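Chain order of the listed sequences is H, U and L. For the first sequence, counting from 1, position 184 maps to 762 in my numbering; every step adds exactly one. For the second sequence, counting from 1, position 155 maps to 190 in my numbering; every step adds exactly one. For the third sequence, counting from 1, position 486 maps to 530 in my numbering; every step adds exactly one.
None of these hints come from the bench; they were simulated from the model. Among the clues, some could well be false.
[Claimed, not checked] A few chain L positions that, by computed beta-carbon distances, are all more than 10 Å from chain U: (1) Thr-116; (2) Pro-150; (3) Asp-209; (4) Ile-240; (5) Glu-276; (6) Lys-321; (7) Glu-358; (8) Glu-369; (9) Phe-385; (10) Gly-406; (11) Ile-408; (12) Gly-471; (13) Gly-487; (14) Pro-498; (15) Asp-520; (16) Ala-522.
[What the hints assert, rightly or not] Here are the computed lysine-lysine pairs in the DSS-like style, where the Cα-Cα straight-line distance is at most 27 Å: (17) L:Lys-184 - H:Lys-768; (18) U:Lys-256 - L:Lys-118; (19) L:Lys-266 - U:Lys-245.
[Claimed, not checked] Here's a subset of chain L near chain H, in silico, CB distances under 8 Å, partners left out: (20) Gln-130; (21) Glu-149; (22) Ile-407.
Please read these numbers as outputs of a predicted model, since none were measured by experiment. Beta carbons are placed, not taken as given, at the ideal position from N, Cα and C, and that holds for glycine.
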Amino acid sequence: MNKLNINLKEVSWRSAVKNVYVFGILAIFIIVFTAISPRFIGGPSLAYIIQNAAPLLVVALPATLLMISGNIDLSVGSIVACAGVIMAMLSREGMAAWLAVLIVAVIGMGVGWINGLLVSGLKINSVIATLVMNYVLLGVAKMLCGDTIPYVKGVQDDFSFIGRSKIEGWPVAIFFVIAAIAIFVILQKKSALGKYSFAIGGNRDASTLAGLNTGRMVWILYLIVGIAAGIGGCLMASNQGIGNALSGSGFELDVIIAILIGGTSWAGGEGSVVRTIVGVFILTVLTIGLNMAGVPSFYQFIVKGGVLIAAVYLDKIVKEKISA
Amino acid sequence: MDRVRTRGVQFSDQAQLTLWMLGLLVVVFVVLSIVQPAFLTQGNLRNVINQNSVLIIVSLPVTMLMITGNFDLSIGGVIGMGGVLAAWFCQSVVQGGAGLPYWVAVILALLATTAIGWLNGFLVTRLGVASVIATLGTMSIARGIAYIGASGSMVELGLPRVFRFFGTTEIAGFFSLSMIFMIVAILVFFFIQSQTVFGQKIYLIGANMKAAQLSGVSVRKQINTLYIVSGFVSGFAGILLASRLGAGDCKVGLEYEFNAVVAIILGGTSLYGGRGSVIGTVIGVFIIGMIANTLNMFGANTAWQPIIKGLVIVGAILFQRYAMGLKDRRKLRLE
Amino acid sequence: MDPILQIQNLTKKYPGVLALDNVSFDIERGSVHCLLGENGAGKSTLIKILTGAQVRTDGMILMNRKPIDAHTTKEARELGISTLFQELNIVDQLTVEENLSLGMEPMKFGFFTKNTELERMVGALKHMEPSIDPKQLVSKLSVAKKQMVEIVKAVETKAEVIIMDEPTAALSEGETKRLFEIIDQLKQNSVTVIYISHRLEEVFDIGDSVTVLRDGCHIATKKISEVESKAELIRMILGKTVVETYTPRAVDRTTPFIEARNISNDKLNDVSFDIYKGEIAGFYGLVGAGKTELANVLFGLDAYKGNLRINGAEARYASASEAVENGITLAPEERRSQGLFTMLSIRKNIVSMNMKKISKNGIINASAIKRVSGEYVERLNVATDTDEKEVGFLSGGNQQKVVFAKCLNSEADIFLLDEPTRGVDVGAKEEIHNIIKQLADEGRTCLVFSSELPEVLSCCDRIFLMHEGELMTIIDNALDIDGDEIIHIVAGGDA
């Protein structure tokens, strides 16, 4: 029994390191940005950070489960763009914002269903299927806006409510953030879908043999990612005050970066929704910090590309160290 | 029936698929000529070829990468980067550029884009990063360099006159230089694919990477080389496009990776490697290009194009799988 | 006699090979039934049919006296036939508990509810192996413990028959003992175990009855108590006529061509030998003896400690391509997945290992390809109407000939041939053996890695006996060689 205890301790210590190092990175970023720009600590209120992180967080959490199952969704950027545009159009027609969000979420689910059909139903490689979907939906978003001006303006007053307003000092977006965290942490830790994502990503053959309907599970995951991307798009559009067909460009990259910073394995089977939350905040703090430090926004392309590569490489090193 | 026989010549699956696509190209051509008489004019046909020439050029090395089973999603970003850097390097110092001679600017821009290609190869073959992730990352980096070089818009003032040479020169009143480059590129890549050891090894890697390794093929070196070539070619394409535009625009090249993938798959290259041909890709580009051209003439909203392309690509994947499935069943029956 | 499984006139044909030829025998309920035979004898085909991985060509399988017909492993499992594959079907990323209950969790609204079954399963596991913590990740467990998790899962899902495919191949002695205790427990709970192993002593330790297959035919089914000795089993496995037609060849043994000194890595232990130019050296041992690993070391695929010299020069290659450049070629064990490009033509396969021969300055010469390929198709007698046919369409023997053509074309000095005739029909076998002899006569050095004794006896000059990563002894091939003695050594007995 004694031996067993030591083993367990060792294991939990190791997984603790694995869990903690992303928090360390977040802390380092906050310190660095405070050093560069002293305004940083006082400047961007927590509310501001949360409002900016909300769309990414809402999408990245279900996308983490999808990646744990060994699949990828490159179409989320365009779903977000479409969602924002459609919400703005509905608002322009006089529809209440909450109803518009609901409708957009259902449309997002429809897109997710099609992604699931392509990947699980027609068994098309998930990279290709969702890459194609990304461009198709970008076309749809542009078409909805009209070719030349990719914006939808003239929205109702309540349009900005979920993305920018505050209730008694609390940003409304925080409720979406809390809800998303609660839902997906519980989903990962407690639900069949969460557990089965690990099983499917870890060993698809063994999962099938154990009687899991792996195709349907993946299909459902795409569905959820679709809904979340719909809502995330509403949050983003609401925050910006317009529906912008180009707002989703690079969003899929942000999602992947946030997930990979969190140490979720690209190949599936391993990962954590909680660590993706940290990844989302690292990325958001990084973006806001660079903005406040006066770095032109287009440098962020390079920074993000670099962060992505660094995250993948760092994860590889950390895993090798832990297993050594 | 597992082979088409014509006068003793046998066609492989690949050639068979390419023939099918060639047939489809002819059908599309005929149909379009009938429904839209304006399609079949010399001016319009030249237009179609000219407009798609750059896409063909960049798709050729990507086709070879796909045959080995690797993606390159960075080409769009690299195109933007190549154009902007070439412009910035030769822009006059007064306007904020580097003020170098044009030929030096071109060489430096190509060196930079080739370096991105090298980085792709390094990430994929040395660090073992999945090619999709690695090239998404470098796409972002390349695009970022383009934005920085052009300060978020365009490098257009204070460019030497020669900057427009590639984009505006015409030969025999019909051929633009990019058409010439396209023809040369097709010939070169077709030659590499079909007549060189390098080309043979690409198929070996795609057909069975492990067996290729055990047969003494340096898989890493081969894939590295392809990524480097892809970086170089995309950079060159960016320079052509910038010259045509008369400016280095940081947004040029968007969606090229998508259009390339559509054309490559439509041309019969397998998603899983081992099958494919550069000629198929050329056919794929023209099928899409001609349809898009005609839709434009009918005044269709250009936003429809990605939707149509999406349907075409899914259809092509399913059709090709069906065709290959038929063959596999025959194989089983033989056993 | 209460048979749980009755196999009746079971036949399986592959192209060019009769893998199972009219096999019939019964398996008694609650017994441990051992299945013996050399590689290629038909054991794995039989197992594949039982587990639904392959479809039989003819015959019947009765379970509890009713015909069954499983088309997938899952269907077989539902019928009550579970298999402990060598590649374990277990999710490393989940905990022991989660693996035990995977796919059977009671749930409400997509959330797991309290799993009373699980407690029972964990109890059973605790009973079997108290040291496994059910909350532990499976990836942290040893192979033996993973097996136990799978066995518990199988038993608790009402498996009546558990097939174990060489379960002890990766186990230590202590773990093996523990597994045997577990098998005893299973027996007491009237679970039937079909046990496959190359280790004959294990058969006497735990078996109740034994079935021997040879060349796809059923040789005998006997109670272990009726088997006189290990020698009797060996005779049944190998057949009576072990005497193969080996003609001694003259090999100049003055200077060694390959010198291996103290080669060690995680699979090999201190292997030293000399091999001479023009010699055919047969490395014989059971599965897991380290033959493939030794071939990998020679071919630059695996790292090693020790000293390896070829033709006097140190041979430590960083990659296969370096080995090929230095005149070594490998015909790998896994022909389809490692040796061939099945989607490409015969022609492209044959020239793949030596592009220099068919090209000049990197540009290939189509007529040279045609000539080279045609030459080898003819020389090796590959049965095909055209060399532009995809290799995937060929039969096993012809595919292996293409692999040989590929290796021959590399014009190497050293041929590493890993299981050169596995899955090849008798006629093609002999042809391939003749090719090996021809090669040696031309002065090439051939290393044949085989788990088939008749093969090494019929064509090798010297036989290197391996057991668990060690080179036990080297014997000169001769007509009066004692097959029983060889089996005894490679099974772990004293030399």
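Structure-based check of each hint:
no., hint, in the structure
1, Thr-116, "holds (17 Å)"
2, Pro-150, "holds (37 Å)"
3, Asp-209, "holds (23 Å)"
4, Ile-240, "holds (26 Å)"
5, Glu-276, "holds (37 Å)"
6, Lys-321, "holds (22 Å)"
7, Glu-358, "holds (20 Å)"
8, Glu-369, "violated (7 Å)"
9, Phe-385, "violated (4 Å)"
10, Gly-406, "violated (5 Å)"
11, Ile-408, "violated (6 Å)"
12, Gly-471, "holds (18 Å)"
13, Gly-487, "holds (22 Å)"
14, Pro-498, "holds (26 Å)"
15, Asp-520, "holds (31 Å)"
16, Ala-522, "holds (34 Å)"
17, L:Lys-184 - H:Lys-768, "holds (23 Å)"
18, U:Lys-256 - L:Lys-118, "violated (43 Å)"
19, L:Lys-266 - U:Lys-245, "violated (43 Å)"
20, Gln-130, "violated (14 Å)"
21, Glu-149, "holds (6 Å)"
22, Ile-407, "violated (34 Å)"
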